[in-house]
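Protein chains: 2
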Amino acid sequence: MNNGADHFLDIFFNPKSVAVVGASRNPDTVNFHLVGNLVKLKFQGKVYPVNPNAKEILGLKAYPSLLSIKDEIDIAVVSVPAMKTPDIVKECVERKVKGVVLTAGGFSEIGTKGKEAQNEMLRLLRESGIRATGPNSLSPINSRNNFIVSFGPVEKLPRGYLSFIFQSGLYEPRFNWLMSGFHLYLSKLLDLGNKMDVNECDGLEYLGNDPETKVIAMHLESVAGDGRKFMQLLSKITREKPVIVLKSGRTAAGARAASSHTGAIINSSDAVFDAVLRQSGAIRVLGLEEFFDLAKVFEYLPPLKNNRVAITTLPGGEAVITTDFCQIHGLVMAEPSPESCARLRDISPSWGIPANPFDMGVSSQFHPGINTYKAFLEALVDDPNIDCFAIHLGGWRHRAGQFAKIFSEVIKKGKPVVVWTADPRDGGGLIEELESYRVPVYPSAGRAIRALAALHQYHMIQERKYEQGTYV
Amino acid sequence: MNNGADHFLDIFFNPKSVAVVGASRNPDTVNFHLVGNLVKLKFQGKVYPVNPNAKEILGLKAYPSLLSIKDEIDIAVVSVPAMKTPDIVKECVERKVKGVVLTAGGFSEIGTKGKEAQNEMLRLLRESGIRATGPNSLSPINSRNNFIVSFGPVEKLPRGYLSFIFQSGLYEPRFNWLMSGFHLYLSKLLDLGNKMDVNECDGLEYLGNDPETKVIAMHLESVAGDGRKFMQLLSKITREKPVIVLKSGRTAAGARAASSHTGAIINSSDAVFDAVLRQSGAIRVLGLEEFFDLAKVFEYLPPLKNNRVAITTLPGGEAVITTDFCQIHGLVMAEPSPESCARLRDISPSWGIPANPFDMGVSSQFHPGINTYKAFLEALVDDPNIDCFAIHLGGWRHRAGQFAKIFSEVIKKGKPVVVWTADPRDGGGLIEELESYRVPVYPSAGRAIRALAALHQYHMIQERKYEQGTYV
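Chains as they are written, first to last, in our numbering: chain V, 42 to 513; chain E, 42 to 513.
Isolated chain V (complex conformation) (with noise of 0.2 Å):
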């Protein structure tokens, strides 16, 4: 594939220099943090905060208009309420900027006035050959420069290579948590919103080229693009990298719902849409928890290409749960090694009890002294009949650090491990810590056996793809 660098989007995640009209001094509005972010997280080039009424924005000065500031613009950001952004529209126009990114609701989502505004708009834009995202969205954001577009204080970006493309600001309210309090190592993310010109294809197309993005995960609503150009680029990206889709408007109900809040109308059924999907390879989830628990999973973990897991939980009854779990996602219960199992009797009652699911709650009852869980992964890592662990764990998190260590090292030798807590709130030091290392942790074995799962799902895609150029 080619780098993304030639793409016309490159110019959105890489600008040299933004205007952002409608910067605001007041912290209590949401535009603030247009500028505020930028300042706060570093943005790696020049910001032209534009206000009529202040001289200076935090430490930057202020612009009465996009017209007064001389230098050239390579993103102006339009945050100014609908009646008043096609003005401006007209301005960047004037100045020549190379891309517009409009944030305003109240357009193509609110009737026929509101789409013959944004039509003219798109006109005006489209004549000077400049390219717009929105209106609606709250977007670019790039963590390799710290180009964000957001109306919340964002405290961090954890570089990453993961990128999102979404319909509307459906990540925006949790966004905070999703970099800070459930890790995630972002790349890109780029929010569509009516998608009256940049749509869901140029976002797949810059990213499938773009190589800092392993994963894309994308919430759609409707596809505004081409349908059979959007089945091409699915197709050909994910054989290089999965794309995780949540489509919601899934029913008759949640596509008027949809048509409400964007303007998208939305004229597939759903079943074709699934098939387009299935077809080209992406993978389907549900909701917003499914969407982030798979984000998170390609992100961290290597490529698992069989599906025989080794399995420890503390209460023995939660390994038949995650047990049923492996079987309902495809994973198969591995058959350790004789070698490996003699290896177990040193942590085990003296009955012995099963290798796989292992029981931590009964061998550590018998074995209090010693790590158990280094142990029992020492005895299996090297074992060439297991391929993946899921790991239940109790609320140790004093010995985070000496956990994070011991998982990365197997996920180091290429064997994925997903863990789950049994209390969520052991988060405080534990999930901080072996996240820090890329080692995901789930709230639920339903949730951590499916994330594993879609790892060897994503394989089998690719499998099939080389095999028969296309699969059901």
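Where hints are given, some of them may not hold.
To spell it out: a stretch of chain E is covered by chain V in this simulated footprint if at least three of its residues, at any positions, have a beta carbon under 8 Å from a beta carbon of chain V; those stretches are [said to hold, decoys possible]:
1. 213-222
2. 320-331
3. 355-362
4. 478-489
Keep in mind the hints are simulated off the structure, nothing from the lab. All residues carry an ideal CB built from backbone N, CA and C; glycine is no exception.
Using the hints, position chain E against chain V.
Coordinates of chain E only, in the frame set by chain V:
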């Protein structure tokens, strides 16, 4: 139904005197908490710690053996290793205790030898007419008198009307979190373990008749009692109160795992079991999240006769996802009356937005000064076209108390409300405050809607039963 006080299990939940064999003074051991919890939570009965090496444990006189206690003993909690347990059981028989609780693992689940030891204990107890729970179990718990058998330090037992039956100590590592973080309001808990004597039918019989139990949540790996009786009990109880069933060991691999940790033999296919549950009106769930989510919703909220839901979310895209989940789980979008819609105009933008789902993100851009959530609910709460509400909240933890009151007023009018938050870390004040008013808060739209829909699902179960005697 009769009051449960006549049932043999009543002495297990309401003992006047409890001996704890294996009581420990060392706070680092699990046995410490057997007496520790009774003292800390002020169990309303006499406690006799049995420990030959101690004179006193936590201010209570300790006894060298069961035989040295001269007073009457209702329940003997026997928490010594499997090897020593049969000898203590003999002492229980000699002392004529009324019931025995056996915590040790190492019996039928370890093979022939363990099975023989277990059978011998059972024979002895049966001869003397003494009933026993376990072995390999941790219970009972009764929030009314704070009788609790647990290996972990339990901080509080919030009183409510939810009762549990577990097959294994699955709940144990998350018990504190469930009570203090997840905010379950408990009536009673029975953990069955190997089900040597007391089984799931006994538990259902007792809790079905217990006036302090409004909902029963049951975890099973196998049915030890009579299958027909089990079904009859379920059919009878589900006319009066919902029964949620998590049956694990669904798959062949899961069944093998179950056998290795409680010695249960699962001899009927999961499909048969599934049909039994459906025909008897139980609500089957797949994993622990759904299990506890539904347990909570039935304890917190009033019944839901009809299924028309009004939704409000912060980003519009969230409403689309939520609407999808409603349709999947059997709820329909309410159509608010013209009067309700007129009242919503006060918190809508000038161009008007749909009443349901209502876009709170748009509303609060144009009406920042007022409490838009309050206005939304006031506009809709008395609308006869609306049966229940699903509400997405942002991080307004400083307004937690206000929200709690607004929502609980709606619930008092008989209209269930479920809430979910964009950022689970809002937990700090918001979730705690809302749930102290029994307004349930979930971490995602999917889980909130599933829980809300379960209320209606149970209503349908009751209705069909009354009409037809059975249902599909």
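Here's how the hints hold up against the structure:
Under the rule that three or more residues need a Cβ within less than 8 Å of chain V, the assignment of the segment 213-222 of chain E holds, with 6 such residues. Residues of the segment 320-331 of chain E with a Cβ under 8 Å from some Cβ of chain V number 4, which satisfies the need for three, so the listed coverage holds. Note: the segment 355-362 of chain E has 8 residues with beta-carbon separation from chain V under 8 Å; the three-residue rule is met and the coverage holds. Coverage of a stretch by a chain is defined here by at least three residues with a beta carbon nearer than 8 Å to that chain's beta carbons; for the segment 478-489 of chain E and chain V the count is 5, and the condition holds.
The structure shown violates none of the earlier numbered hints.
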